[in-house]
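J.: The numbers in full-length UniProt numbering rise by one with no breaks, and the one at position 9 of the sequence shown is 9.
None of these hints come from the bench; they were simulated from the model. Be aware that a few hints might be false.
Pair ranges (Cβ atoms, derived) [said to hold, decoys possible]:
hint	residue 1	residue 2	range
1	V73	D33	31 to 37 angstroms
2	Q76	A29	28 to 34 angstroms
3	V73	S49	26 to 32 angstroms
4	I69	L45	18 to 24 angstroms
5	D11	I66	30 to 36 angstroms
6	V73	E9	18 to 24 angstroms
7	T41	W15	16 to 22 angstroms
8	S14	S63	29 to 35 angstroms
9	R35	S77	37 to 43 angstroms
10	H43	Q76	15 to 21 angstroms
11	N7	R68	19 to 25 angstroms
12	E9	K55	16 to 22 angstroms
Straight-line distance between alpha carbons at most 20 angstroms, and here's what the computed DMTMM-like set of lysine to aspartate or glutamate pairs gives [as the list claims (entries may be wrong)]:
hint	residue 1	residue 2
13	K28	E56
14	K55	D65
15	K55	D33
16	K28	E9
17	K55	D24
18	K55	D42
19	K55	E19
20	K55	D11
21	K55	D21
Each residue gets a CB set at the ideal place from its N, CA and C atoms; glycine is no exception.
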Amino acid sequence: GFHGHCNFEFDLCSWQQLENDNSDWLIKAGRTDTRGSGPLTDHTLRNSSGHYLYKENSFSKSSGDIARISSPVISQSSRECK
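All chains should be modelled from the sequences, with the hints used to inform the complete structure.
T.: Quick look at the structure:
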């Protein structure tokens, strides 16, 4: 894909998990582990097999979890900025 575009179908593309945190964003497809959370479909494939970035945030997890991710700079005028 072009600079700044990522659909997360295969990997994080040019997005990066940051090291100064104690948790990570996950690439997920379909339902999440927590009932009633997360999308039923992704925005790219518009079905349950499409992938998206996800961070588990249920009350069963310890408070204070920090997950940081860095994306390329995306211009407001980009057709990918919606």
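J.: Hint compliance check: list the failing hint numbers for this structure, sorted ascending.
T.: Hint check: 5 fails alone, others pass.
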